[in-house]
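Protein chains: 2
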Amino acid sequence: MRALGRHVLAEVYGCSFEILNDIKKVEEIMVKAALEAGAEIREVCFHKFSPQGVSGVVVISESHLAIHTWPELGYAAVDVFTCGERVNPWDACRYLTEQFRAGEVHATEIERGVMESPRAAAVNL
Amino acid sequence: MRALGRHVLAEVYGCSFEILNDIKKVEEIMVKAALEAGAEIREVCFHKFSPQGVSGVVVISESHLAIHTWPELGYAAVDVFTCGERVNPWDACRYLTEQFRAGEVHATEIERGVMESPRAAAVNL
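Residue numbers (numbering that gives the first Met the number 0), protein chains in the order written: chain A, 0 to 124; chain B, 0 to 124.
Hints in this document: simulated from the structure, not taken from any laboratory.
Heads up, a few of these hints could be off.
[Claimed, not checked] Using 35 Å as the maximum straight-line C-alpha spacing, the simulated DSBU-like pairs for lysine-lysine come out as follows:
#, chain 1, residue 1, chain 2, residue 2
1, B, K31, A, K23
2, A, K31, B, K47
3, B, K24, A, K24
4, B, K31, A, K31
5, B, K24, A, K31
6, A, K24, B, K31
7, B, K23, A, K47
8, B, K23, A, K23
Throw the hints in and build the complete structure from the sequences for me.
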């Protein structure tokens with residue numbers, strides 16, 4: 000594999016206001032999405048905005064899952080970044096879009112950390 | 000503005016092993032990068048891996064900054080996601096790549112939450 004990681008950016012539309020505005024529910028879905036993909040959870044960090052909206056991140060050994068919700072628009076911006084061969088970001092993405100009962104999802108995968116010499120050389124080692 | 004947010008993905012190469020492996024330093028740079036861009040910090044969440052590497056996220060009112068470092072490769076995967084007109088993700092990006100003394104940076108901006116009806120309609124409101 001040329002790239003160190005895979006970063007899926009998902010535009011999740013058509014979700015219910017109630018789910019997207021429920022910090023406990025959003026956190027639970029994101030944590031379970033990480034586990035569903037076989038990731039190892041390291042830190043969980045969520046925040047509820049007033050009057051609405053949730054932002055949060057699950058830091059995993061394999062990178063992270065992040066979400067920002069706009070309940071009033073039925074929209075969530077999700078990104079799932081994984082490194083290594085074992086965890087597939089699309090497994091997490093599929094799980095969470097199902098759980099959010101999204102009406103429409105646009106997702107794209109971006110390669111991260113494409114290593115070609117001389118880029119791979121660290122300085123000051 | 001058609002999009003709700005701007006998401007800058009930065010491939011940061013040629014950094015020193017010492018900085019990328021120092022959780023306190025990485026956290027400090029990321030927090031200051033958020034402040035440099037005028038963002039409001041909500042949560043800070045970092046993790047140190049063994050034998051090396053740091054992952055962390057700064058959740059801001061305007062979305063997030065995330066980083067994953069591979070000190071042994073002199074590489075960091077950074078993303079800076081901001082919403083609203085007030086905060087410019089490139090200000091944070093510029094600051095942090097300077098602080099990491101990156102030899103080479105490849106960065107790209109992706110629009111998030113492009114709202115066009117009927118996507119903007121939430122269900123179950």
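Evaluated hints:
This hinted pair checks out: B/K31 and A/K23 have alpha carbons roughly 29 Å apart, not beyond 35 Å. A C-alpha spacing of about 23 Å is found between A/K31 and B/K47, which places the hinted pair at or below 35 Å, so the restraint holds. Taking the CA atoms of B/K24 and A/K24, the gap is near 33 Å; set against the 35 Å cutoff, the hint holds. Between B/K31 and A/K31, the direct Cα distance comes to roughly 32 Å. Compliance with the 35 Å bound is thereby established for this hinted pair.
Between B/K24 and A/K31 the alpha-carbon distance is near 31 Å, which keeps this suggested pair within the 35 Å criterion. Our distance criterion of 35 Å between C-alpha atoms is met by A/K24 and B/K31, whose separation comes to about 31 Å. Taken as a hint, the B/K23 and A/K47 pair is honoured in the structure, with Cα atoms around 26 Å apart against an allowance of 35 Å. About 29 Å separates the Cα atoms of B/K23 and A/K23, which keeps this hinted pair within 35 Å; it holds.
The structure agrees with every numbered hint stated previously.
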